[in-house]
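Visitor: Sequence:
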Amino acid sequence: MEEVKLLGFWPSPFSCRVKWALKLKGVDYEYIEEDLSNKSDSLLQYNPVYKKIPVLVHGGKPISESVVILEYIEEVWPQHPLLPSDPYEKARASVSTSTGEEQVKHLKEAKKLLKIIEEQGLGKRKFFNGDSIGLTDIVFGWIAVWLDILTEVAGVKLLEPGSFPTLQAWIDTFKEHPVIKENIPDRDRLFAFLLAFNKGVREKLIASPTQYA
Numbered sequence: 001m002e003e004v005k006l007l008g009f010w011p012s013p014f015s016c017r018v019k020w021a022l023k024l025k026g027v028d029y030e031y032i033e034e035d036l037s038n039k040s041d042s043l044l045q046y047n048p049v050y051k052k053i054p055v056l057v058h059g060g061k062p063i064s065e066s067v068v069i070l071e072y073i074e075e076v077w078p079q080h081p082l083l084p085s086d087p088y089e090k091a092r093a094s095v096s097t098s099t100g101e102e103q104v105k106h107l108k109e110a111k112k113l114l115k116i117i118e119e120q121g122l123g124k125r126k127f128f129n130g131d132s133i134g135l136t137d138i139v140f141g142w143i144a145v146w147l148d149i150l151t152e153v154a155g156v157k158l159l160e161p162g163s164f165p166t167l168q169a170w171i172d173t174f175k176e177h178p179v180i181k182e183n184i185p186d187r188d189r190l191f192a193f194l195l196a197f198n199k200g201v202r203e204k205l206i207a208s209p210t211q212y213a
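Using the UniProt record's numbering, the first residue of the sequence shown is number 1, and each one after it goes up by one.
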């Protein structure tokens with residue numbers, strides 16, 4: 001069996017996506033925690049252009065970008081399919097994952113995404129893929145785990161009590177799945193990290209605003 005390694009960073013939702021997919025499919029892998037302030041030679045070797053995590057290394061060959069990695073995992077390890085078998089539903093899932101990839105980078109646009117998911121995404125299904133977690137659930141997993149912390153740190157309210165009931169039900173179900181529950185960052189630790197990170201960015205912006213314009 002070819003060796004599988006994952007280079008990641010514990011607070012990153014993109015790293016967690018890959019962890020979840022590998023765990024759901026029962027793939028044995030070695031996890032390598034990166035210090036992004038002092039990037040390892042391995043990270044610079046496997047992702048020399050962008051120097052970002054996550055990077056999946058399979059049989060010595062690196063794959064970067066979380067959605068690309070997820071698609072690779074789905075292709076190489078077909079057990080526990082992450083995409084629906086129906087071609088139309090598969091196409092919808094692919095569009096959703098692309099949207100989610102962009103939305104995670106733009107918190108201000110998140111409310112629009114939440115509304116779309118609430119009105120069109122889940123319907124009466126337990127997960128986006130039906131009765132089991134699929135690719136869309138994994139990509140939108142940042143909403144379940146990171147969104148409330150990100151909005152608390154930023155001082156923004158998105159998920160008001162009673163709002164988005166379908167989405168709220170999915171969040172609760174997703175977070176209680178054994179694989180997800182066992183492989184998410186500790187909330188207090190994640191909150192402290194994001195709070196410190198947010199403060200650091202603000203201080204740098206005040207000190208040298210032209211660098212961030």
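If you're looking for bench data, these hints aren't it; they were derived computationally from the structure. Wrong hints could be hidden among the right ones.
Think about it this way: if two alpha-carbon atoms lie no more than 27 angstroms apart in a straight line, the pair counts; the simulated BS3-like pairs of lysine-lysine are [unchecked claim]: (1) K25 / K5; (2) K157 / K115; (3) K51 / K5.
Restraint ranges, calculated between C-beta atoms of paired labels, are given here [to be verified]: (4) D35 / Q120: 18 to 28 angstroms; (5) G59 / N198: 34 to 44 angstroms; (6) G130 / K181: 33 to 43 angstroms.
Backbone N, C-alpha and C define an ideal beta-carbon position, used for all residues, glycine too.
Visitor: Looking back at the numbered hints, which does the structure fail to meet, lowest number first?
Guide: 4, 6
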